[in-house]
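For the protein sequence lines, the chains are A and B, in the order given. According to our numbering, the residues represented by the first sequence are 1 to 98, in order. According to our numbering, the residues represented by the second sequence are 1 to 171, in order.
Since the hints were made in silico from the structure, they are not lab data. Don't be surprised by glycine CBs; every beta carbon is placed ideally from N, CA and C. Where hints are given, some of them may not hold.
[What the hints assert, rightly or not] Partial list, computed: chain A residues near chain B (C-beta under 10 Å):
no., residue
1, 17
2, 19
3, 30
4, 51
5, 75
6, 94
[Claimed, not checked] A partial selection of chain B residues facing chain A, derived with a Cβ cut-off under 10 Å:
no., residue
7, 47
8, 108
9, 163
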Amino acid sequence: MITEALFFSAILFAIGVVGVLTRRNALIIFMSVELMLNAVNLSFVALSRLHGGALGQAFVVFVMTVAAAEAAVGLAIIIAVFRQQQTVDLDRINLLKG
Amino acid sequence: MSLLYQFHFYLFGLIAVASALLFVTRKSPVAAAMWLVNTMFALAGLYVMLDAQFVGAIQVLVYAGAIMVVFLFVVMLLNLGEGDAISDVRGRWGRIAAGGAGLALLAQLLVLTRGNATPAVAPDPAGTENVVAPVAQVLFTDHLLAFEVTSVLLLVAVVGAVVLAKRGGRA
């Protein structure tokens with residue numbers, strides 16, 4: 001089952017990458033990043049099962065904490081940008097473009 | 001490895017992948033978020049089947065319960081619920097480039113996954129009455145410093161989020 005779990009993890013990560021590359025809505029790109037983090041978590045849990053220890057599971061707890069912090073700060077940034085630009089379309093947020 | 005176990009493992013995996021595919025193709029952010037929640041529930045099932053019951057519970061509580069609720073809250077706060085008249089999916093060339101990049105990445109990952117034979121799997125844990133203790137053992141002894149630093153990270157994130165989202169403040 002470990003190989004299958006890694007297989008599903010690879011597919012989910014690739015879907016997350018495609019989401020980041022194809023969408024322009026900042027929120028959906030953000031959710032795709034969360035999907036990629038989840039795919040990596042699945043790898044951690046599967047390999048932790050393979051080795052028999054709980055270190056991989058402890059690392060998943062850390063990854064989830066970082067993801068929660070990232071979501072809080074990232075969504076605050078999106079709200080601040082929306083107040084300025086009235087949009088979350090990343091093609092129209094080009095203040096730093098020369 | 002019983003047949004029932006294998007069937008449910010593949011079932012949860014396929015639900016996760018199908019929900020993720022629906023998630024990246026939905027136009028409305030609310031629908032996308034709901035499919036992502038579905039993916040996370042299926043992943044929680046996979047965690048439990050991989051003998052990580054604690055991580056599965058945390059996945060449902062923190063990811064599906066807290067993080068996705070914050071996402072939905074922001075979607076509705078910004079009034080983005082209905083998909084715009086124009087889709088936010090990039091044009092034809094952007095889509096082709098992204099699909100190519102995704103396929104290349106998938107091929108690389110699959111080759112790495114399928115390349116070498118998996119080493120012997122550790123024996124099944126003794127029972128299910130003792131699932132939190134191993135995680136706590138690692139978390140509170142060997143990696144106590146990292147655990148404490150994580151609390152500082154959360155404090156910084158809370159302060160940063162309040163400062164950034166404050167109305168009228170100089171961010």
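To see whether the hints hold, each was checked on the structure:
For residue 17(A), the interface hint holds, since its Cβ comes within 10 Å of a Cβ in chain B; the closest pair sits about 5 Å apart. At about 4 Å, the closest approach between the beta carbon of residue 19(A) and any beta carbon in chain B falls short of 10 Å, and the interface hint on this residue holds. Because the smallest distance between the Cβ of residue 30(A) and any Cβ of chain B comes to about 7 Å, under 10 Å, the interface hint for this residue holds. Residue-level restraint check for residue 51(A) holds (minimum Cβ-Cβ distance to chain B is 6 Å; threshold 10 Å).
Annotation: residue 75(A) was flagged as interfacial toward chain B, and the flag holds, the nearest CB pair being 5 Å apart, inside 10 Å. For residue 94(A), the interface hint is violated, since its Cβ never comes within 10 Å of a Cβ in chain B; the closest pair sits about 15 Å apart. Of the supplied interface hints, the one on residue 47(B) holds, with its beta-carbon coming within about 5 Å of a beta-carbon of chain A, less than 10 Å. Annotation: residue 108(B) was flagged as interfacial toward chain A, and the flag holds, the nearest CB pair being 9 Å apart, inside 10 Å.
Of the supplied interface hints, the one on residue 163(B) holds, with its beta-carbon coming within about 8 Å of a beta-carbon of chain A, less than 10 Å.
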